[in-house]
Amino acid sequence: MIKTVVDQRYIILKEINPNSNVYIAQDLKTIEVVAIKLLDLSDTKKQDAAEISEIFKRESEALSQLNHENIIKYVDSGLDGNRNLFYIVTEYVVGENLEEFTKQSNLKIEDLLSVFLKILNGIAEAHSKNILHRDLKPSNILVEGMDSVKIIDFGLSKILGIKYRDSTTTLKDYMTVAYASPEQLARKELTVQSDIYSVGGILYYLLTKNDPPIDKSDIEDKLDNIQCSQNLKNILRNTLKVDVQNRFKSIYELIREVNQEYISVYSKTKTFYLKFTNKIAAELYERGKVNYRSDQHVQDFIQKDLEKSSVFKGDRYYFIVGNSVKYQCRLSEDESHLIITRFFLLENYLKYEEEFNKGINCHVSWKVVNQSKVVPYNDDLTNVLEKVNREKQKRDVRLSRERQNNVLINKWEKYLDEESQLIYRKRNLGIYENFEYVFETNKIQVTVQKIDYQLENGDLIQLTDKKGNQITIGTFDSIEDTNLIISAKSEVELDELSKRGRIGIDVSQSAEVIKRFRRAVRALRFGELLNKNIKDIISDPSKTSVNKDRIIVDYINEKLDESNKEAVKSALATKDLFLIQGPPGTGKTTVITEIVCQILKENPKHKILLASPSHVAVDHAIQSIKGNLTKDKKIIRVGRSDRISKDSQSLLMDIQLEEWVDGVKSTSQDELVKYLSTKYKIKDSQKKAIEKQIQDLSVIETDTKNPLSIFNNNRIQNIVGIIKEWHRRLNSLDEFDEIFAQNASVVASTCTGIASRHVLNDTAFDWVIIDEAARATAPELLLPMIRGKKIILVGDHQQLPPIVGKERSMIRDNDLGIKTSDLEKSLFEELFENISEEAKSILTAQFRMHPTISKLINNIFYPTTNIEARKSAEERKHLLEWAPKSVIWLNTQYLKDNKEEEILNSFKNSSEAQVVLKYLEVIEERYNSFGPKIKVGVISGYDAQKKILTSLINPNDDKWKNIDIMIDNVDAFQGSETDIAIYNVVRCNDQNKIGFLRDERRLNVALSRSKTCLIIVGNAHFALKAKTYKGNPFADIIRFIDEHPQECLMEDIK
1 MIKTVVDQRY IILKEINPNS NVYIAQDLKT IEVVAIKLLD LSDTKKQDAA
51 EISEIFKRES EALSQLNHEN IIKYVDSGLD GNRNLFYIVT EYVVGENLEE
101 FTKQSNLKIE DLLSVFLKIL NGIAEAHSKN ILHRDLKPSN ILVEGMDSVK
151 IIDFGLSKIL GIKYRDSTTT LKDYMTVAYA SPEQLARKEL TVQSDIYSVG
201 GILYYLLTKN DPPIDKSDIE DKLDNIQCSQ NLKNILRNTL KVDVQNRFKS
251 IYELIREVNQ EYISVYSKTK TFYLKFTNKI AAELYERGKV NYRSDQHVQD
301 FIQKDLEKSS VFKGDRYYFI VGNSVKYQCR LSEDESHLII TRFFLLENYL
351 KYEEEFNKGI NCHVSWKVVN QSKVVPYNDD LTNVLEKVNR EKQKRDVRLS
401 RERQNNVLIN KWEKYLDEES QLIYRKRNLG IYENFEYVFE TNKIQVTVQK
451 IDYQLENGDL IQLTDKKGNQ ITIGTFDSIE DTNLIISAKS EVELDELSKR
501 GRIGIDVSQS AEVIKRFRRA VRALRFGELL NKNIKDIISD PSKTSVNKDR
551 IIVDYINEKL DESNKEAVKS ALATKDLFLI QGPPGTGKTT VITEIVCQIL
601 KENPKHKILL ASPSHVAVDH AIQSIKGNLT KDKKIIRVGR SDRISKDSQS
651 LLMDIQLEEW VDGVKSTSQD ELVKYLSTKY KIKDSQKKAI EKQIQDLSVI
701 ETDTKNPLSI FNNNRIQNIV GIIKEWHRRL NSLDEFDEIF AQNASVVAST
751 CTGIASRHVL NDTAFDWVII DEAARATAPE LLLPMIRGKK IILVGDHQQL
801 PPIVGKERSM IRDNDLGIKT SDLEKSLFEE LFENISEEAK SILTAQFRMH
851 PTISKLINNI FYPTTNIEAR KSAEERKHLL EWAPKSVIWL NTQYLKDNKE
901 EEILNSFKNS SEAQVVLKYL EVIEERYNSF GPKIKVGVIS GYDAQKKILT
951 SLINPNDDKW KNIDIMIDNV DAFQGSETDI AIYNVVRCND QNKIGFLRDE
1001 RRLNVALSRS KTCLIIVGNA HFALKAKTYK GNPFADIIRF IDEHPQECLM
1051 EDIK
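Residue numbers (UniProt numbering): 1 to 1054.
Since the hints were made in silico from the structure, they are not lab data.
What you are looking at is a predicted structure, and each value in this text was computed from that prediction instead of being measured.
Hints should not be assumed to be uniformly reliable.
What the hints assert, rightly or not - Derived EDC-like pairs (lysine to aspartate or glutamate); straight-line CA-CA distance at most 20 Å:
| # | residue 1 | residue 2 |
| --- | --- | --- |
| 1 | LYS358 | GLU402 |
| 2 | LYS935 | GLU901 |
| 3 | LYS605 | ASP766 |
| 4 | LYS1025 | GLU1047 |
| 5 | LYS73 | GLU32 |
| 6 | LYS885 | GLU925 |
| 7 | LYS692 | ASP737 |
| 8 | LYS275 | GLU286 |
| 9 | LYS1054 | GLU881 |
| 10 | LYS543 | GLU354 |
| 11 | LYS665 | ASP737 |
| 12 | LYS118 | GLU100 |
| 13 | LYS569 | GLU881 |
| 14 | LYS825 | GLU1000 |
| 15 | LYS73 | GLU91 |
| 16 | LYS466 | ASP506 |
| 17 | LYS14 | ASP147 |
| 18 | LYS270 | ASP379 |
| 19 | LYS443 | GLU496 |
| 20 | LYS535 | ASP737 |
| 21 | LYS565 | GLU868 |
| 22 | LYS308 | ASP243 |
| 23 | LYS118 | GLU391 |
Can you make the complete structure from the sequences, with help from the hints?
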């Protein structure tokens, strides 16, 4: 096998153990040295090999989640089809198994128990994740010194058991009879107590250096002859009981018993000297800790104070923490004892607990003496202090990670505090002067002179009633001059409203969302995540690793591009977290769909959570996935029906539940009628009476009006009554929500919506896939992330940033305490910049745009990435006069009145709007008789411009026969595409202020929507010299147009 390459990745270097087929190998991908265990399946039945493969998929998924210092680190596993070899790859540990270690070492009882406790802690970690080992024995424990004990070969015996199950003579080949529990030998179902029996066998070996008797009935007699305490014998008895009911019930119960024995043994054998000086004695007296300054009083106080103690290392000194005092100590020159140099009083229990937990509980006796006393040398002190030093190194690493985590968490919590304040302020936007209801449109026009915040569509608006209370009247629609246009609620009483008063926003929903964010951030702080590794990865993304890429034989989408195939394979190989950056038009949704389908194809029982900050993205992805999944895979859409697309309405949980209940009722009613027809030969009229009675859920009457009174048989009436009552309960049983959710393969929701449905709060997902992850704030992203075992984040930090509230722009950053620019750097971007290369992928095949538009986007917004256009100029040609040029700037520099106007915190530009209208009419004429309507997107950065464009163009007018016009702000266009896009610059002023248009991420979105032709309308001279705090992306665009005259055009409008 030497020099053999397993599965095209692991080259065998050296044999470790010929009896167990374990080798040292090198990972050709990472160049790291690993251990690899091989299992030859060449002589295995085809059916058994398939079963082994399926079981191992499940086992390896679970094993990859184990992350404990006493369990060998799992790296990879799989089946080498060419050689028919099953393999498991783990970290390589230079050490020996416990059997060899025990024979070569003269272990004291406390050392023996210390090793055994480490084994128990590793098993406890596995049991906490519902993983059984099934083959615990000394040869499956690796030891590299007293402090490095690792369990190996989890779950392998289950696979070997299938391989050899038809043979009664090869039990020893897949389980060690001496260590196997009676129920395992009997091939009965195994539990945690089966592992407890085996671990009892390991303790027996540690105490005797012999295997336990194969005949289980001999064990009791053998225990009496073991040289150990009676308590330890009792522990052995309770692990090795033949009857499983008489064993320890859990590994934690066993750990408690062994730990108490360890403390008892250790404290009897370890006595260390601790000296105090006359100065310390005087200070203890002055601080009231001793009544007299005599050595005996001081000695007695410290001795009693240290009856229970812990020790930790600071930067220069050792610290011993007692019941009420923390003692600062230095090591004597001859290293025989510690000397107290200073002490600190622990004023309350919280302080005591904080200090005590910094150290390790050494379980030693301290002999306290005056500094003048001569004490004997004890080399055990050096060993203990070495352990304390190692713990300090571990603590420093842990504290460094925690500090990094806390920096992020504190920033996010600060952001949430400020958002809460901003939300509170939004309850009072200012004073309204009057309002008028327009019956024809069901709109309320509210007159205001000024408002303090920029409103967003859908904001719930409140006005003042005649009693001075704030009443929600409807949702914000638009702005017309100094009037706010509100879509009125149906139940609002306009007569009860005051004609003048305070206008504000109903913030109750926003406040609830902030509460959800706080819970998610708190979960991260305290490590309450399904995948515990995510917390460390967030603080240090470079530590992220993946398994080898999955081999995918059949792709669901046969037309999937090769670059996207690579992204799918890499994402499916993740252990914890994987990131996919998808520049515009590179097929993010196609990749997500393929990933979901491949997961469910390989693991049909896996649960997937698909989330995104926006409903539009969720619905877009879920429709693509729905069309590619088999009917047995249930998809549930979570959210408010008014926010979800029509195509996704049928996937809502409530709708599906209602359909399911109706189906159950219909089936049960048909079966009942069928049963009664067979049993009692009922007539058609009686059948109709039964059906009517069941469908009427009112209580059954007992008088003659009851339709069932036509039956003389009371049994029929009783049966119908039971079915009717069951139907009534079907309508009201809340637990069906949970049952329905648990049976779903895919749950789709916004990031915040997943926390709104109580039945999903405790649901564990095998995979969490978050689309548009770069648009989510960190707390928003955490809401779905804490619920998943494996996380895939899909997004693009070069497009729209996190939505942190437009109203922040109205307040100076130094008044907020945290910069808006800091918050607009998403967690996705932070992770992408620092995560290991193997844990991220960039989609580089562009399927949307004309090659020229694609080149513009690539050069300006992705200069370090080579994005290849998959559509030719011929495929993306347009019919406008500028063809074959596809990037056009219509320069409004020479138009009169080309300046912007400010309206209620927004801007409009009327001359640009007229230019847009003119060229829309040109497009309408050019595409006459073209065929299906083409989509034209008119994009602006400002609500006021959107309003004037909508009013001027009237996109629903019958005159637009050949083009379908969509007018909206930049944010609404992310994720969508049009045949032609017209981008409205709007801004033009003498101060050269460009506002948030300087954000190249928003500009990237605006310019990358079009398939065939991109038209920019604005003052090119102004855009070129606009003031920005960093590079001016408009200058780069103008330069690109100038440098590509055959493909682009700058046209002056006069």
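Structure-based check of each hint:
no.: 1; hint: LYS358 x GLU402; in the structure: holds (14 Å)
no.: 2; hint: LYS935 x GLU901; in the structure: violated (29 Å)
no.: 3; hint: LYS605 x ASP766; in the structure: holds (9 Å)
no.: 4; hint: LYS1025 x GLU1047; in the structure: violated (24 Å)
no.: 5; hint: LYS73 x GLU32; in the structure: holds (13 Å)
no.: 6; hint: LYS885 x GLU925; in the structure: holds (19 Å)
no.: 7; hint: LYS692 x ASP737; in the structure: violated (28 Å)
no.: 8; hint: LYS275 x GLU286; in the structure: holds (19 Å)
no.: 9; hint: LYS1054 x GLU881; in the structure: holds (18 Å)
no.: 10; hint: LYS543 x GLU354; in the structure: violated (29 Å)
no.: 11; hint: LYS665 x ASP737; in the structure: holds (17 Å)
no.: 12; hint: LYS118 x GLU100; in the structure: holds (17 Å)
no.: 13; hint: LYS569 x GLU881; in the structure: violated (45 Å)
no.: 14; hint: LYS825 x GLU1000; in the structure: holds (13 Å)
no.: 15; hint: LYS73 x GLU91; in the structure: holds (5 Å)
no.: 16; hint: LYS466 x ASP506; in the structure: holds (18 Å)
no.: 17; hint: LYS14 x ASP147; in the structure: violated (26 Å)
no.: 18; hint: LYS270 x ASP379; in the structure: holds (10 Å)
no.: 19; hint: LYS443 x GLU496; in the structure: holds (17 Å)
no.: 20; hint: LYS535 x ASP737; in the structure: violated (31 Å)
no.: 21; hint: LYS565 x GLU868; in the structure: holds (15 Å)
no.: 22; hint: LYS308 x ASP243; in the structure: violated (38 Å)
no.: 23; hint: LYS118 x GLU391; in the structure: holds (15 Å)
Violated hints, in rising order: 2, 4, 7, 10, 13, 17, 20 and 22; the structure is consistent with all others.
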